[in-house]
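Protein chains: 2
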Amino acid sequence: MANFKENSTNQFNKRLVTTKCPVTFIVNKMGNRWKPLVIRELFSGTKRYGELKKAIPAVTEKMLIQTLKELEADGIINRKAMPVVPPHVEYSLTVSGKDLEPVINEMVKWSLKYNTH
Amino acid sequence: MANFKENSTNQFNKRLVTTKCPVTFIVNKMGNRWKPLVIRELFSGTKRYGELKKAIPAVTEKMLIQTLKELEADGIINRKAMPVVPPHVEYSLTVSGKDLEPVINEMVKWSLKYNTH
DNA sequence: ACAAGTACTTACCTAAAAGTATGTATCATG
DNA sequence: CATGATACATACTTTTAGGTAAGTACTTGT
Chain W
8 MANFKENSTN QFNKRLVTTK CPVTFIVNKM GNRWKPLVIR ELFSGTKRYG ELKKAIPAVT
68 EKMLIQTLKE LEADGIINRK AMPVVPPHVE YSLTVSGKDL EPVINEMVKW SLKYNTH
Chain V
8 MANFKENSTN QFNKRLVTTK CPVTFIVNKM GNRWKPLVIR ELFSGTKRYG ELKKAIPAVT
68 EKMLIQTLKE LEADGIINRK AMPVVPPHVE YSLTVSGKDL EPVINEMVKW SLKYNTH
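So the protein lines, in turn, are chains W and V.
Throughout, the working numbering is defined as the position within the first sequence, counted from one, plus 7.
Throughout, the working numbering is defined as the position within the second sequence, counted from one, plus 7.
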């Protein structure tokens with residue numbers, strides 16, 4: 008019965024790298040599967056939940072909500088819920104979210120140059 | 008017994024996002040836990056395997072090798088093995104690897120601005 | 001009474017990423 | 001003949017990101 012201590016090491020390393028490496032820091036904020044697509048949608052302005060869902064058909068509701076919650080918790084998007092029924096919720100980029108544009112532009116430039124599909 | 012087809016969906020979505028989203032494309036190439044650290048070391052010039060290991064103490068040999076293999080397979084680094092004993096292997100950035108510098112600079116800029124540890 | 005519409009929520013599950021522990025090849029040197 | 005030095009390799013294990021399936025809340029319209 009091997010005495011595994013992987014859990015602590017894994018979490019320790021994750022935290023270590025996230026706090027010490029700025030690249031990993033930003034990747035954690037916007038590098039998951041659906042985050043870039045959501046951010047991209049919001050670059051063109053405020054969107055409702057249903058609009059985001061329609062714009063990104065492959066994402067499940069669970070993953071979309073989860074993605075939105077994380078982006079909100081990280082201060083990248085704003086969530087504005089209208090107290091009406093049926094519900095009406097609007098998502099938009101915060102200042103730091105809009106500030107991702109030059110970063111993403113550089114990333115896209117590199118990808119277009121080196122992705123020879 | 009639920010008829011799970013997650014595997015195919017997961018892989019399908021991964022492929023979909025990687026091919027359609029340039030941000031995900033580049034994140035897949037250099038966004039794993041240890042890749043940015045290795046790339047950063049190589050920005051300052053060619054390094055031996057042992058030097059990389061010493062410069063990044065937290066990484067295990069397995070993960071370092073795996074990281075180097077992937078970076079090599081993706082054309083981001085070069086591996087030059089000298090046929091001597093004990094072995095002498097040198098790693099360096101390729102053109103596309105060096106081309107990551109402006110991208111990484113933008114990423115670092117954003118992180119330093121918004122990481123209020 | 002019940003369906004429609006919108007934005008979620010939750011319990012459960014799988015595959016992929018990361019980590020552990022240990023072993024390998026080769027030659028020079030003491 | 002065993003040890004050191006260097007750069008890996010491999011079998012196994014855990015954590016986590018992502019996915020499935022199904023349900024909830026609230027009100028208006030029929």
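Keep in mind that the hints were calculated from the coordinates and are not lab data.
These figures come from a predicted structure and were not determined experimentally.
Careful: at least some of the hints might be erroneous.
Because identical chains cannot be distinguished in the list, a pair is counted as satisfied if it fits within a single copy or across any two copies.
[What the hints assert, rightly or not] In silico EDC-like links for lysine to aspartate or glutamate, alpha-carbon gap of 20 Å or less: (1) Lys69 with Glu58; (2) Lys27 with Glu48; (3) Lys21 with Glu97; (4) Lys120 with Asp81; (5) Lys61 with Glu113; (6) Lys61 with Asp106; (7) Lys69 with Glu108; (8) Lys116 with Glu97; (9) Lys54 with Asp106; (10) Lys116 with Asp106; (11) Lys60 with Asp106; (12) Lys120 with Glu79.
Worksheet item: Which hint numbers does the structure go against, in order from smallest to largest?
Response: 3, 5, 6, 7, 8, 11
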